[in-house]
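Make the full structure from the sequences, and use the hints.
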Amino acid sequence: CFTVTAPDLPILERKNWLIYLLYVRQDYEECKAVIKEQLQESQGLCEYAVYVQALIFRLEGKIQESLELFQTCSILNPRSADNLKQVARSLFLLGKHKAAIEVYNEASKLDEKDWEISHNLGVCYMYLKHFNKARDQLNNALELNKHDLTYMMLGKIHLLEGETDKAIEVYKKAVEFSPENTELLTTLGLLYLQLGDYQRAFEHLGNALTYEPGNYKATLAAGSMMQAHGDFDVALSKYKVVATAVPESPPLWNNIGMCFYGKKKYVAAISCLKRANYLAPFDWKILYNLGLVHLTMQQYASAFHFLSAAINFQPKMGELYMLLAVALTNLNDAENAKRSYEQAAALDKSNPLVNLNYAVLLYNQGDKKGALCQYQEMERKVNALKESSTPDFDPEKMVEVAQKMGVALQVGESLVWTKPSKESKSKQKAAGSGKSSSSQQPLGSNQALGQAMSSAAGYGKTMQLPTGAGAAAPAAKPPSLPLEPESGSEASPEETSAPPEAE
Amino acid sequence: CCSCPAGRMGLDPLFHAWSYFRRRKFRQCSELCSELLERPPGNQMFYFLLYPVQAAWSLKTRALTEMVYVDEIDMDQEGIAEMMLDENAVAQVARPGTSLKLPGTSQGGGPSPAVRPVTQSGRPITGFVRPSTQSGRPSTMEQAIRTPRTGLTARPITSASGRYGRLGTASMLTNPDGPFINLSRLNLAKYAQKPKLAKALFEYIFYHENDVKNALDLAALATEHAQFKDWWWKVQIGKCYYRLGLFREAEKQFKSALKQQDMVDTILYLAKVYLRLDQPVTAMNLFKQGLDRFPGEVTLICGIARIHEEMNNISSAAEYYKDVLKQDNTHVEAIACIGSNHFYSDQPEIALRFYRRLLQMGVYNCQLFNNLGLCCFYAQQYDMTLSSFERALFLAENEEETADVWYNLGHVAVGIGDLNLAYQCFKLTLVNNNNYAEAYNNLAVLEMQKGHIEQARALLQTASSLAPHMYEPHFNFAILSEKVGDLQRSYTSAQKSEEAFPGHVDTQQLLKQLKQHFAML
Numbered sequence: 001c002f003t004v005t006a007p008d009l010p011i012l013e014r015k016n017w018l019i020y021l022l023y024v025r026q027d028y029e030e031c032k033a034v035i036k037e038q039l040q041e042s043q044g045l046c047e048y049a050v051y052v053q054a055l056i057f058r059l060e061g062k063i064q065e066s067l068e069l070f071q072t073c074s075i076l077n078p079r080s081a082d083n084l085k086q087v088a089r090s091l092f093l094l095g096k097h098k099a100a101i102e103v104y105n106e107a108s109k110l111d112e113k114d115w116e117i118s119h120n121l122g123v124c125y126m127y128l129k130h131f132n133k134a135r136d137q138l139n140n141a142l143e144l145n146k147h148d149l150t151y152m153m154l155g156k157i158h159l160l161e162g163e164t165d166k167a168i169e170v171y172k173k174a175v176e177f178s179p180e181n182t183e184l185l186t187t188l189g190l191l192y193l194q195l196g197d198y199q200r201a202f203e204h205l206g207n208a209l210t211y212e213p214g215n216y217k218a219t220l221a222a223g224s225m226m227q228a229h230g231d232f233d234v235a236l237s238k239y240k241v242v243a244t245a246v247p248e249s250p251p252l253w254n255n256i257g258m259c260f261y262g263k264k265k266y267v268a269a270i271s272c273l274k275r276a277n278y279l280a281p282f283d284w285k286i287l288y289n290l291g292l293v294h295l296t297m298q299q300y301a302s303a304f305h306f307l308s309a310a311i312n313f314q315p316k317m318g319e320l321y322m323l324l325a326v327a328l329t330n331l332n333d334a335e336n337a338k339r340s341y342e343q344a345a346a347l348d349k350s351n352p353l354v355n356l357n358y359a360v361l362l363y364n365q366g367d368k369k370g371a372l373c374q375y376q377e378m379e380r381k382v383n384a385l386k387e388s389s390t391p392d393f394d395p396e397k398m399v400e401v402a403q404k405m406g407v408a409l410q411v412g413e414s415l416v417w418t419k420p421s422k423e424s425k426s427k428q429k430a431a432g433s434g435k436s437s438s439s440q441q442p443l444g445s446n447q448a449l450g451q452a453m454s455s456a457a458g459y460g461k462t463m464q465l466p467t468g469a470g471a472a473a474p475a476a477k478p479p480s481l482p483l484e485p486e487s488g489s490e491a492s493p494e495e496t497s498a499p500p501e502a503e
Numbered sequence: 001c002c003s004c005p006a007g008r009m010g011l012d013p014l015f016h017a018w019s020y021f022r023r024r025k026f027r028q029c030s031e032l033c034s035e036l037l038e039r040p041p042g043n044q045m046f047y048f049l050l051y052p053v054q055a056a057w058s059l060k061t062r063a064l065t066e067m068v069y070v071d072e073i074d075m076d077q078e079g080i081a082e083m084m085l086d087e088n089a090v091a092q093v094a095r096p097g098t099s100l101k102l103p104g105t106s107q108g109g110g111p112s113p114a115v116r117p118v119t120q121s122g123r124p125i126t127g128f129v130r131p132s133t134q135s136g137r138p139s140t141m142e143q144a145i146r147t148p149r150t151g152l153t154a155r156p157i158t159s160a161s162g163r164y165g166r167l168g169t170a171s172m173l174t175n176p177d178g179p180f181i182n183l184s185r186l187n188l189a190k191y192a193q194k195p196k197l198a199k200a201l202f203e204y205i206f207y208h209e210n211d212v213k214n215a216l217d218l219a220a221l222a223t224e225h226a227q228f229k230d231w232w233w234k235v236q237i238g239k240c241y242y243r244l245g246l247f248r249e250a251e252k253q254f255k256s257a258l259k260q261q262d263m264v265d266t267i268l269y270l271a272k273v274y275l276r277l278d279q280p281v282t283a284m285n286l287f288k289q290g291l292d293r294f295p296g297e298v299t300l301i302c303g304i305a306r307i308h309e310e311m312n313n314i315s316s317a318a319e320y321y322k323d324v325l326k327q328d329n330t331h332v333e334a335i336a337c338i339g340s341n342h343f344y345s346d347q348p349e350i351a352l353r354f355y356r357r358l359l360q361m362g363v364y365n366c367q368l369f370n371n372l373g374l375c376c377f378y379a380q381q382y383d384m385t386l387s388s389f390e391r392a393l394f395l396a397e398n399e400e401e402t403a404d405v406w407y408n409l410g411h412v413a414v415g416i417g418d419l420n421l422a423y424q425c426f427k428l429t430l431v432n433n434n435n436y437a438e439a440y441n442n443l444a445v446l447e448m449q450k451g452h453i454e455q456a457r458a459l460l461q462t463a464s465s466l467a468p469h470m471y472e473p474h475f476n477f478a479i480l481s482e483k484v485g486d487l488q489r490s491y492t493s494a495q496k497s498e499e500a501f502p503g504h505v506d507t508q509q510l511l512k513q514l515k516q517h518f519a520m521l
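Quick note, the sequences are listed as chains A and B, same order. Each residue of the first sequence is one higher than the one before, counting from 1 in the working numbering. Each residue of the second sequence is one higher than the one before, counting from 1 in the working numbering.
Check each hint, because a few of them may be wrong.
Below, a list of computed lysine to aspartate or glutamate pairs in the DMTMM-like style, where the Cα atoms sit at most 25 angstroms apart [unchecked claim]: (1) K512(B) - E65(A); (2) K129(A) - E176(A); (3) K265(A) - D346(B); (4) K512(B) - E183(A); (5) K264(A) - D346(B); (6) K338(A) - D348(A); (7) K264(A) - E224(B); (8) K62(A) - E498(B); (9) K515(B) - E29(A); (10) K496(B) - E377(A); (11) K515(B) - D197(A); (12) K96(A) - D486(B); (13) K173(A) - D197(A); (14) K263(A) - D346(B); (15) K483(B) - E65(A); (16) K98(A) - D486(B); (17) K156(A) - D486(B); (18) K483(B) - E203(A); (19) K196(B) - E349(B); (20) K96(A) - D346(B); (21) K515(B) - E203(A); (22) K101(B) - D74(B); (23) K265(A) - E349(B); (24) K483(B) - E41(A); (25) K133(A) - D486(B); (26) K62(A) - E72(B); (27) K515(B) - D348(A); (28) K512(B) - D27(A); (29) K483(B) - E60(A); (30) K515(B) - E112(A); (31) K496(B) - D82(A); (32) K252(B) - E224(B); (33) K96(A) - E112(A); (34) K512(B) - D348(A); (35) K483(B) - D148(A).
Simulated from the structure, these hints should not be mistaken for laboratory data.
In structure tokens, the structure reads:
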């Protein structure tokens with residue numbers, strides 16, 4: 001009687017199930033021990049053990065080691081597209097995009113119907129700035145298999161190329177495909193916000209917030225939209241939710257500061273804005289807002305300081321020069337104020353306030369002809385605006401001043417636009433923004449301005465510089481300059497080491 | 001009598017020397033005493049009757065001691081050896097909030113590292129640097145040797161507390177003929193019999209010669225002679241033990257001295273021992289008991305405030321510093337600490353008032369004007385800003401201080417938006433102090449603004465190697481690498497950034513994003 005036992009030959013892939021189980025359970029320590037054992041048994045020929053070891057290395061952030069192991073894998077099994085894909089992925093994570101593309105191309109020869117290869121090729125091309133190829137690859141990936149990430153990358157490419165409309169189309173499709181992805185919703189909402197389509201922006205951001213109430217980006221965007229409509233208290237309560245989670249975010253503090261500004265709590269506004277500025281000294285929007293608040297507070301030296309700093313960071317903006325000129329007017333430097341106005345008028349194409357303020361200055365200086373010229377320019381801009389009917393143009397205050405100005409310049413009769421005709425329009429708006437337009441008034445500016453202007457008519461050239469001229473500017477400015485959160489997240493790399501050495 | 005060898009002004013020489021001593025003119029006093037002691041022996045016989053030689057001898061010891069005297073309470077310096085190799089703390093892993101060794105998670109509600117700069121990981125920079133300021137400890141010997149020498153204490157760190165020794169050798173220079181008293185020849189037992197001589201001699205040995213062992217011998221003999229009834233000798237013995245590193249023995253002596261006589265000094269010494277044993281809560285209780293006995297004693301309140309500050313509990317430290325100011329409104333340390341605290345909690349105007357108070361009190365140095373300039377700038381007092389910085393530059397005593405001022409001027413330049421000026425300022429900072437990590441970081445940020453990625457990278461790497469405890473260079477490097485697509489380096493830098501400042505939101509977001517990249521196929 002004899003029993004024949006099968007020879008106990010070592011099988012290479014004997015424990016793959018165990019390795020897989022441990023890896024999926026994220027029990028990496030145990031998994032590594034099993035892998036080591038298995039590799040010793042098989043003298044390093046067990047492909048799967050090497051593969052999982054490389055995956056673990058990658059999860060730990062050791063990309064270089066994982067690359068080497070994946071290369072070993074692809075030597076062990078050169079016909080596998082998976083191994084090549086992983087090699088390319090490691091190359092991509094190391095920032096070697098060209099090499100990654102080559103390896104992906106090889107992998108695609110082995111497996112042509114894989115969306116991942118196309119997607120990753122697209123991302124690699126995006127990093128290399130070959131946008132056309134990237135778009136083709138990503139579209140290809142979408143045809144093979146739809147994924148949120150692919151949509152995101154495609155949208156990103158459109159944005160990088162400056163085609164907002166196409167990007168919106170892409171994101172729309174993406175949201176249809178997966179309506180619960182908050183990131184997609186937020187991005188789409190922000191894009192609508194950029195285009196001024198508040199209704200849809202609100203819808204999408206609201207959806208994002210229902211799925212994820214603490215979403216920082218969406219909260220900030222929603223809050224800034226509320227601010228634009230004057231609901232400062234609601235916006236503040238929104239901000240309160242995220243302020244504990246993100247206590248050191250410059251855009252957040254900027255928006256909170258502008259909320260307080262809207263509620264006429266100027267000191268609180270300044271302290272919030274200054275904290276934002278301390279955290280992000282390179283952000284021109286915060287500096288702009290600080291300048292604006294200081295103009296309202298009639299602290300012209302500080303206003304000049306912040307505005308000139310903002311101009312240094314953002315030299316291509318007419319409104320900044322206009323506010324700077326207003327500050328300069330109040331600092332008794334009419335020469336430089338004039339120059340600044342000229343710069344503003346040259347840079348700005350659509351804001352009639354620039355010309356109005358310039359006209360006031362010129363008039364006060366006794367230059368009636370120049371004032372008339374600016375006045376006409378302003379009329380032209382107002383007409384243009386009327387046609388386009390930009391929603392955030394609130395002319396009420398301006399009309400008043402302009403009419404007085406017109407009377408003073410003796411062109412008032414030929415006004416193409418008069419108050420009554422405007423009234424109906426501004427009434428419509430008043431429902432939405434009446435609160436904001438009334439709360440925007442800076443400290444007693446209007447009466448002062450009216451008096452100044454009437455006295456200008458009375459005394460002609462001998463009159464003094466009206467203090468109100470400066471205040472006219474912020475009167476019609478939108479209450480806040482909400483930062484789009486994209487620029488908020490951009491702002492973080494520019495963070496400096498918070499600095500001063502107080503000893 | 002004309003031949004009478006009276007003092008130069010016709011005064012009796014010993015009286016004259018004594019008067020010099022009382023007016024704290026120690027050099028003249030000691031010279032006159034030397035003259036008295038070096039009379040030719042023939043004469044000396046005569047003088048022996050009139051002037052006890054011992055008086056001159058004792059006066060000279062006291063004068064020499066006073067020349068180099070440094071208050072023992074504030075002389076607390078741990079060298080590398082004490083920090084690393086000395087294991088006095090009972091609990092190795094203490095609960096947070098009960099130990100000075102853990103920087104602690106910032107529970108005190110103080111400003112975060114995003115607002116207030118830190119010296120070593122977790123400890124925000126203080127408003128007032130004392131010789132005993134410890135800002136974090138190195139964890140290994142190797143790290144201690146590699147970090148900059150002033151990174152941990154107010155002075156360049158030494159291998160063991162060598163500064164005591166240096167004081168002694170410095171005193172040699174004052175006597176070109178060699179030491180005044182040869183310690184090995186003294187018969188300490190004889191001197192211990194005469195308390196009046198013994199006390200002066202002890203102080204000489206302890207402060208001037210820094211010979212702790214002989215001082216301890218003398219003190220032991222003297223306290224025996226006083227039948228253990230003199231608290232002063234007990235305190236001195238405790239001091240000797242403390243210097244020798246025998247903290248428990250020192251504690252016994254101080255405690256027994258306190259039983260005999262309540263003294264503020266003794267309480268302070270005992271608290272020092274407890275701090276050395278890493279028992280801040282015990283020290284604090286001791287201070288509070290001391291305050292019951294001496295209500296409103298400034299040094300005790302200040303001690304409590306310091307402990308709170310060491311434990312990163314800045315807001316309660318500020319409370320105690322305010323109590324100090326209620327008692328003594330010219331207390332420089334309290335004013336400076338409260339001032340810097342206000343500065344870093346968004347109140348530069350109030351900080352400015354505190355620093356101006358210091359200026360009114362006649363403090364006149366580089367750091368003060370530097371701080372004044374910063375406060376003026378951030379409180380929008382633009383007329384005083386630059387003149388303060390100019391004066392700070394003028395008053396700077398060494399290149400590190402000049403570097404500090406230029407660094408802050410760079411911040412002002414950033415504030416007015418003049419990036420070229422800022423660039424120059426940060427460059428000048430580096431010229432003055434080549435190891436200024438913050439300046440490297442800020443230069444890198446400016447380079448990044450210009451689009452010079454490679455330069456920015458190199459500068460950030462320098463910054464992070466110089467100051468591994470700062471989160472900014474790590475984070476900036478991570479962001480930069482992530483933009484280029486080098487996710488591995490980005491990940492390692494982001495990890496370091498998180499280690500340096502665990503609560504940083506942007507770092508956490510970045511790490512999350514990177515981990516997603518790694519996990520995804």
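These are the hints, each one checked on the structure:
Pair hint K512(B) plus E65(A) holds up; C-alpha atoms about 21 angstroms apart against a cutoff of 25 angstroms. With a C-alpha separation of about 28 angstroms, the suggested pair K129(A) and E176(A) falls outside the 25 angstroms cut-off, and the hint is violated. Using a Cα cut-off of 25 angstroms, the hinted pair K265(A) and D346(B) holds, with the two alpha carbons roughly 17 angstroms apart. Distance hint between K512(B) and E183(A) is fulfilled; the C-alpha atoms sit about 14 angstroms from each other, no more than 25 angstroms.
Between K264(A) and D346(B) the CA atoms are separated by roughly 20 angstroms; this keeps the pair inside 25 angstroms, and the hint holds. Between K338(A) and D348(A), the direct Cα distance comes to roughly 15 angstroms. Compliance with the 25 angstroms bound is thereby established for this hinted pair. With a CA separation close to 77 angstroms, the supplied pair K264(A) and E224(B) exceeds the 25 angstroms bound. Our distance criterion of 25 angstroms between C-alpha atoms is met by K62(A) and E498(B), whose separation comes to about 17 angstroms.
Restraint check: the Cα-Cα separation between K515(B) and E29(A) comes to about 18 angstroms, which is no more than 25 angstroms; the hinted pair holds. At roughly 57 angstroms between alpha-carbon atoms, K496(B) and E377(A) are farther apart than 25 angstroms, so this suggested pair is violated. Pair hint K515(B) plus D197(A) does not hold up; C-alpha atoms about 35 angstroms apart against a cutoff of 25 angstroms. At roughly 8 angstroms between alpha-carbon atoms, K96(A) and D486(B) fall within 25 angstroms of each other, so this suggested pair holds.
Note on K173(A) and D197(A): the hinted pairing holds, with a Cα-Cα distance of about 18 angstroms set against a maximum of 25 angstroms. Distance check on the hinted pair: K263(A) and D346(B) sit about 21 angstroms apart at the alpha-carbon level, within 25 angstroms; holds. For the given pair, K483(B) sits about 22 angstroms from E65(A) by alpha-carbon distance, which is consistent with the 25 angstroms threshold. Note on K98(A) and D486(B): the hinted pairing holds, with a Cα-Cα distance of about 13 angstroms set against a maximum of 25 angstroms.
Proposed proximity of K156(A) and D486(B) is supported: the alpha carbons are some 19 angstroms apart, at most 25 angstroms. For the given pair, K483(B) sits about 31 angstroms from E203(A) by alpha-carbon distance, which is inconsistent with the 25 angstroms threshold. A distance of roughly 54 angstroms separates the Cα atoms of K196(B) and E349(B); the hinted pair therefore is violated under the 25 angstroms criterion. For a cut-off of 25 angstroms, the pair hint linking K96(A) to D346(B) is broken: about 45 angstroms separates their Cα positions.
Between K515(B) and E203(A) the CA atoms are separated by roughly 31 angstroms; this puts the pair beyond 25 angstroms, and the hint is violated. At most 25 angstroms may separate the alpha-carbon atoms for a hinted pair to count; K101(B) and D74(B) meet this at roughly 20 angstroms. For the proposed pair K265(A) and E349(B), the alpha carbon gap of about 19 angstroms is at most 25 angstroms, so the pair holds. Our distance criterion of 25 angstroms between C-alpha atoms is broken by K483(B) and E41(A), whose separation comes to about 43 angstroms.
This hinted pair checks out: K133(A) and D486(B) have alpha carbons roughly 22 angstroms apart, not beyond 25 angstroms. At roughly 52 angstroms between alpha-carbon atoms, K62(A) and E72(B) are farther apart than 25 angstroms, so this suggested pair is violated. A hinted pair counts as satisfied when its Cα atoms are at most 25 angstroms apart, and K515(B) with D348(A) does not qualify at roughly 45 angstroms. For the hint pairing K512(B) with D27(A), the CA-to-CA distance comes to about 20 angstroms; that is within 25 angstroms, so the pair holds.
Proposed proximity of K483(B) and E60(A) is supported: the alpha carbons are some 20 angstroms apart, at most 25 angstroms. Restraint check for K515(B) and E112(A): not satisfied, since their Cα atoms lie roughly 28 angstroms apart, outside the 25 angstroms limit. At most 25 angstroms may separate the alpha-carbon atoms for a hinted pair to count; K496(B) and D82(A) exceed this at roughly 33 angstroms. At roughly 16 angstroms between alpha-carbon atoms, K252(B) and E224(B) fall within 25 angstroms of each other, so this suggested pair holds.
Under the criterion of a C-alpha separation no larger than 25 angstroms, the hint pairing K96(A) with E112(A) is consistent with the structure, at around 23 angstroms. For the hint pairing K512(B) with D348(A), the CA-to-CA distance comes to about 42 angstroms; that exceeds 25 angstroms, so the pair is violated. At roughly 21 angstroms between alpha-carbon atoms, K483(B) and D148(A) fall within 25 angstroms of each other, so this suggested pair holds.
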